[in-house]
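For the protein sequence lines, the chains are A and B, in the order given.
Using this note's numbering, read the first sequence as starting at 1 and increasing by one per residue.
Using this note's numbering, read the second sequence as starting at 1 and increasing by one per residue.
Please note that the accuracy of each hint is not assured.
Stated by the list, open to error - Taking lysine-lysine and the BS3-like style, the derived pairs with C-alpha atoms no more than 30 Å apart in a straight line are:
#1 A/Lys58 / B/Lys272
#2 B/Lys98 / B/Lys185
#3 B/Lys451 / B/Lys272
#4 B/Lys510 / B/Lys495
#5 B/Lys325 / B/Lys472
#6 B/Lys98 / A/Lys58
#7 B/Lys510 / A/Lys58
#8 B/Lys17 / B/Lys97
To be verified - With the Cβ distance kept under 7 Å, some of the chain A side facing chain B (calculated, not the full set):
#9 Val16
#10 Arg20
#11 Ala24
#12 Pro28
#13 Lys58
#14 Asn59
#15 Ile68
#16 Lys84
#17 Ile85
#18 Asp91
Hints listed in this document are in silico derivations from the structure and should not be mistaken for laboratory results.
Quick reminder that beta carbons are idealized off the backbone N, C-alpha and C, glycines included.
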Amino acid sequence: MPLKAKPKRIGSAKAVIDLRLYVAGQTPRSLAAISNLKRICDDHRGNRYRIEVIDLVKNPALARDHQILAIPTLVRSLPVPIRKIIGDLSDEQQVLIGLNIVEPLRKKDKKAGPAASAARSAAGRG
Amino acid sequence: MNKKKKIAEHELAPLQKARTGIAGLDEITGGGLPKGRTTIVCGGPGCGKTMLGIEFLVRGVLEFGEPGVLMAFEETPQDIATNVASLGFDIQDLANKKKMFLDYISVDPSEIQQSGDYDLEGLFIRLQNAVETVGAKRVMFDTLEALFSSFSNPAILRAEFRRLFRWLKDRGLTAIVTAERGEGKLTRQGLEEYVSDCVILLDHRINDQISARRLRIVKYRGTRHGADEYPFLIDEKGMSILPLTSLRLQHTVSNERVPSGVPDLDAMLEGKGYFRGSSILLSGTAGSGKTTLAASFADASCRRGERCLFLDFEESSNQVARNMKSVGIDLEQWSRKNLLFHESWRPTQYGIEMHLLRIHKLIEQVKPQAVIVDPISNLAKGSNDMEVHSMLMRLIDFLKNSGITAIFVNLTSGENLEATSVGISSLTDTWILLRDIELNGERNRCLYVLKSRGMAHSNQLREFMLTENGIKLVPAYIGPGGVLTGSARLSQEAKELAEERMRKQGVRMKQQDIDRKRVVLQAQIASLQSEMNAVELEAELVISQEEETDDQLKSNRDEMAKKRQAVW
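Work the whole structure out from these sequences, hints included.
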């Protein structure tokens, strides 16, 4: 699924995040991960996200190309740096930390520039 | 699952094995790794685990037509390809030809966040994809345990490993899993708990500053295997393991004879030389001509068009070649014709087992008909006698099994010349002793055949002379003061020559004397004869006169009677 539009302000809370979820077939764990991810994104990102679900059973070569080992794996390819979250995403807090969206939809984030985002991303990593 | 059932049905069938093609490993495992099962190769860092696995894969493709998959967790395929290129393996080429699949699994723990339950299905998908892409029969994981540092949940990993090994078994894939050696157990993460069909332990240790790699089969279910520690070597041809104890005394013997390169010596050995495939020990003191004698044999072998491997632990090949030229042996020509392979290395360069391994490898490469080891006594340095003895015993057995005529040069020193420093004389078939004899301010070389199994050899002590046309053996003189050699022999020879001349002269004189006497006697006989003739003549004269007188007297008497008319 190609990107629809380039995010204008990478790293800011308003920027669109690109997410790819790698699953293997319609296993309960995969389905759980998909629904968990959708819920978290809807709750915290509104419409500023794009999710691409990749079924490795249909596209096995992608597992190698994208260095996927654990299933399910959620990859945030934009904004950089790339982040990976493994598991069925049932732990919402970990997903938010992993995606670096700690604060849900706060107004003050409007003014947050790349520097603030970098600081946050460092904090999120720790 | 189908395969599992099949195996269950044929439970009595012997374990199938996948040959590794690694020199020696197939021998000690009795045919290779368990086919369709997973083998753990464990050991410390730098002990050759990856090498073994890659060679297993590469030889699988090249020698047994079994494509392979390499799942690398620690190094990128490019790195691995570069590393093994020095061993003559081009895995990138094999990958391009779809004979090998290289997958580098990189997991950076710093960019991974865990949220909820997961499994390693991605690994299985990648593996399956790889196996299907090349139709793999062999798989190698190097090293699976790296995942423990990437994923924080060991319980999930353990469950997934168990699943992985079952997955491999179900598909009949022969796999190698490398693992770091752990404290007190074989692998750091206890992988041997899941895979227990075959465990190979590699070890790299340093003794007296000399490194030695060793391999041991810790366990191999359902088959007989060598249980010892086997030294192995990784060199430009890959890995090779020496099965030390699998040698038995069952070599076939040859009745063919090979000339020794010294016609005079051949004359001492029934005029034919050594037996082909026999072991010859040349022992002697320093400078007694051992190397020259050995080189003569090398020269003769090459002259027959046979290959000869000259292992030198003392001199460089150039030095030997130069020195041999001075006695009329041109070894360089044979080196140029690829008949003579001269290998020199310092005895301290390797441990004793490594020497054996290297010799084995060279012999496999060169496939010589003759091998010269010069000198074996140097090998003993830095090792204990028992090790050297056992090493030489195995070397001799190996050479005999291969039907290679071998010459071992041994430097003896001290009083007891008829003893080798490492006591191998009983292992050899022919023992030629070279010794120096000091007499009249000279040092001369002497040779004798101490023993030569299976032939009526000469018991003569011979003087050994290095001439510019090679080696000459001259019968030594046994004088009142012992053996005469060198100028003493020459003077003895001169003396004998003079005596002979004298004797001949005496005979001639006597003959002349007799001739003269004969002449004299004949003259005497002639004069006596003439005297006798004179006497005889005189006697005849007398007799005839007497008869004449008688006749006269008678006629006178008749006349007188007539005149007297006494008769009528």
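Outcome of the hint check:
For the proposed pair A/Lys58 and B/Lys272, the alpha carbon gap of about 78 Å is over 30 Å, so the pair is violated. Restraint check: the Cα-Cα separation between B/Lys98 and B/Lys185 comes to about 38 Å, which exceeds 30 Å; the hinted pair is violated. Between B/Lys451 and B/Lys272 the alpha-carbon distance is near 15 Å, which keeps this suggested pair within the 30 Å criterion. A C-alpha spacing of about 22 Å is found between B/Lys510 and B/Lys495, which places the hinted pair at or below 30 Å, so the restraint holds.
For the hint linking B/Lys325 to B/Lys472, the alpha-carbon distance of about 16 Å falls within 30 Å, and the restraint holds. Simply put, B/Lys98 and A/Lys58 have alpha-carbon atoms about 22 Å apart, close enough for the 30 Å limit, and the pair holds. With a CA separation close to 123 Å, the supplied pair B/Lys510 and A/Lys58 exceeds the 30 Å bound. Simply put, B/Lys17 and B/Lys97 have alpha-carbon atoms about 26 Å apart, close enough for the 30 Å limit, and the pair holds.
The beta carbon of A/Val16 is not positioned within 7 Å of any beta carbon in chain B (closest approach about 20 Å), and the interface hint is therefore violated. Using the Cβ-Cβ criterion of 7 Å, the hint placing A/Arg20 at the interface with chain B is not satisfied: the shortest such distance is roughly 13 Å. Restraint check, A/Ala24 versus chain B: the minimum CB separation of about 4 Å is within 7 Å; hint holds. For A/Pro28, the interface hint is violated, since its Cβ never comes within 7 Å of a Cβ in chain B; the closest pair sits about 10 Å apart.
Interface restraint check: A/Lys58 against chain B, minimum CB-CB distance 10 Å, threshold 7 Å, status violated. Checking A/Asn59 against chain B: minimum C-beta separation of about 9 Å lies over 7 Å; hint violated. A least Cβ separation of about 4 Å between A/Ile68 and chain B falls short of the 7 Å threshold, and the interface hint therefore holds. About 5 Å separates the beta-carbon of A/Lys84 from the nearest beta-carbon of chain B, less than 7 Å, and the hint is met.
Checking A/Ile85 against chain B: minimum C-beta separation of about 4 Å stays under 7 Å; hint holds. The restraint placing A/Asp91 at the interface with chain B holds, with a minimum CB-CB distance near 4 Å, inside the 7 Å limit.
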